[in-house]
Amino acid sequence: MASEDREDMERSEEGVPGAIVRTRAGPSIVWLIPLIAAVVGLYLAYSTWSEQGPKVTIEFQTAEGLVAGQTRLKFKNVDVGVVDSVELNEDLSRVHVQASMVKELTHYMTDQTQFWVVRAKVSAAEISGVDTLLSGAYIGVDPSDKGKRTREFKGLEEAPVVRSDKPGTLFDLRARQLGSVDVGSPVYFRWLKVGQIAGYSLDESGNTVNVKIFIESPHDKRVRTTTRFWNASGFDAVLSAEGLQIDSPSVMSMLVGGVAFETPATVAVAMDVPENMVFELYPNKQATRQPRYSQQTRYLLYFDGSVSGLVPGSPVEFRGIKVGEVLSVDINFDTQTNEVQIPVVIEIEPERLGITQKKLNRKDVPRIESLVARGLRARIATNNVLTGKKAITFEFISDAEPVAIVFGEAYPILPTVPGGLDAITQRVARILDRVEKLPIESIGNNLNEAFANLSQTLQSVDNLTGSANTNLLPQLTASLVKLEETLASADAMIAPDSAMAMQLESMMSDLAGAAQSLKLLAERLEEHPEELLRGKGE
Amino acid sequence: MPDGGAAICSRCGSTLFRRQRRTVEFTLALVSAAAILFVVANVYPFLSFQMQGQVTHTTLGSGTFSLWEQGQHAVALLVALTTIVAPALQIGLLLFVLGPIHLKIPMPGAVTAFRWVEYSRPWSMMEVFLIGILVAVVKLSDMANIIPGLALGAFGLLIPVLAGASSFLDPEVVWRKIGDLK
Amino acid sequence: MAAAISIRGPHLQCHTCHLVVATPSGPDERLRCPRCRASIHWRKPNSLSRTWALLLAAIICYIPANLYPIMEVTTLGRTQADTILSGVIYLYVHGTWPLAVIVFTASVVVPILKILTLASLALSVERSSQWRPRDRARLYRIVEAVGRWSMVDVYVVTILVALVHLGSLASVEAKVGAVFFGTVVVLTILAAESFDPRLIWDRLEGEPGASIVQNGDERDGE
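Protein chains in written order, with our numbering: chain A, 1486 to 2023; chain B, 34 to 215; chain C, 1248 to 1469.
Keep in mind that the hints were calculated from the coordinates and are not lab data. Where is the CB? At the ideal position from N, CA and C, for every residue including glycine. Misleading hints may appear alongside valid ones.
[Said to hold, decoys possible] Below, a sample of chain C positions facing chain B; criterion: calculated Cβ distance under 7 Å:
#, residue
1, 1283
2, 1392
3, 1396
4, 1399
5, 1418
6, 1421
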């Protein structure tokens, strides 16, 4: 083509007016296109880069339901990120999920932020996340801007109970037993669900279970210092003079368990709950009606007699008010002395005895000592005649022998006295002893001698007055004769073989016999108290 | 006739013949634009498919990737070749050849490069791909929500730009220039 | 195959860069274009045989390409396999009939036409037909240009596979029909490329300087 061009040109130069060659210098306008494309491209690149949110790594136990490039991260059901990749960590124990979050959450990736996987979950307590069956699992986010910034997280396997978008408060409860509550079990106030169990753990001492509950706002304000919490898993039936009253939660709660609370009107003033206050979790609503104290002290008691009817859990009472309970009843047989001892461990809440002190330790035991010195003794008493259950009562015994508290092995040993029917039989036995010791015979003998002397004296008087037989003498003689007759009948009365003596004797022996029977009865009753009702059956 | 020169009728001033100096320049400009558009079209999401609250984003390469994952390696390779490799070669090689020519720098390998431009030409089928996209979108539109992405626009622009570049390209000139610069 | 007659003239044009070079005399080795260094041939080597072979392969692949499904759509556990034709019917039934026409043309008509056209062109060359060489050449160019459009269905499947990725809710899987179909397209493209249209003119009688050359041999046959 080039050659042809030149030919044309040459030809034109010959006879044809030459064409003007015009050149345009400089870059042509077409460069605008790539320029625009470049500008737009750069702008896009910039805007994509600037919209990049933080990239985070979350550690989970399993990647079930998580798909790289697809699984979203959501907060309040709004997309806030996407999973980029799912990998195992070096020792194959965990799954590392890398995700890109939206830019808006840049400042919310702190160590207080929580991540968890939302999968369909069907349990007795809840049915949730069913939409994930269709749409696939997603990762829930609970962002928080408080805390240290971080890009690495440990993911939770379950949705956290406490979330920043659900305001509320955590409370600490303490229970003897966990019962049938579980994480997620509801917390009720007037049978409205206002919160849930956040978690539980065994206390270090092994004696109690620490339960953490979460109560949503605004109901968390209802909890005051005098609030009582109880385990609402069963139903409370109260048989009282008013009849049978049943207080039950929903069937759901009975299945699933739950905790309920109320703030009863009490003498104490209800105040705002301080931090670190631990509430007692009572096993049922009834138990909440009894005041409960936080200090317990244990003592050891030894009993000689029968302790049948006394079991661990039997109450320890003072003046009819429960101050503690029996922890254990054992038996010690000393092979050398062939003696049987029954050690009983009791636990008292000294506060109930009015001993309110911050901390009860060995130093405070003198208080008990002073009470013991004043005659405080423990004895077994029948608590419930129907069931034959026994209780231990503390009493002030007026003429008790002074006994000191023995600081024996594990627990201080308090003095005991025999109790109940035992006391009666012992008293009767003592009376009988006294009666037995009366010197009735010697009294009789002395009386005989006195009469003999009197008779002799009267004879002498008679001899003296024989001669002077005047008027006076016959009267005197008549009186003397009468006296003699009286003395003779008296003598007959009190002669050892006289009727009166015999009657007295028989009366005494009757009394002794009665006392003996009573004693036997008492002993028998002690062993078989039901015979009081039933009689001597076989 | 010098480059960029135009033969104008001395009488009436109308253009008799215009030698495109600009062929290299124009083509280079368009190819540069095409390059940027190609990058955008491949990097950004292309189509998003939304159904029942689930969203899937795709890029141009997603299809190839998914086909490969499904075990259809042959089809995956074919699609990759015709929609990514061949166009990329076209654009890249043209830049590689035309750029130095425009800047009057001799480039070794220009000959091979330009030859491969010719070889890869019949295998670049992006316009067919665009129609395929259209058909697929129509098929899906009544069951789900299809959201076009940025890359789709870039792709839509890329095709006419490339077409323009092809039309402006005068291989003769290029060959000559390559030869000149050697 | 009948002996291919080709004509040697004074000039040779490079396929790739279209440079016209002087024909080298003497035995034909592997010639390279001076400008673009592509291999130059007088005529595309074994053009007819290659074209026939490729066409045959394309025909063989075309049957399964239409019989086997090209994709399988799974919605909520229910699967539905689609062949090319059923896809066309789907588009037609769902109202967008222009697209149905487009897809039908591209996926069904075009490949068939292409195969038939190329076959008839090759046949015409074999038979040294005199029929309108220019039109035949034009036909060839059309076929070459249009061939690529049969790829539409493959791309449709690609997009569907990429987009519909929702697990058991909805998913698309490419099936073996797509492989066959892709193969058909590739083969027809290669067949068109291997056919040398200049052979049309070679067989015309009355061309100056015609000389008989053995099939595949590109040297002056005397």
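Now for the hints, and whether the structure bears them out:
1. 1283: holds, 5 Å
2. 1392: Violated. Min distance 9 Å.
3. 1396: holds, 6 Å
4. 1399: holds, 5 Å
5. 1418: With a minimum Cβ separation of about 10 Å from chain B (threshold 7 Å), the hint on residue 1418/C is violated.
6. 1421: With a closest approach of 5 Å, the residue 1421/C hint holds.
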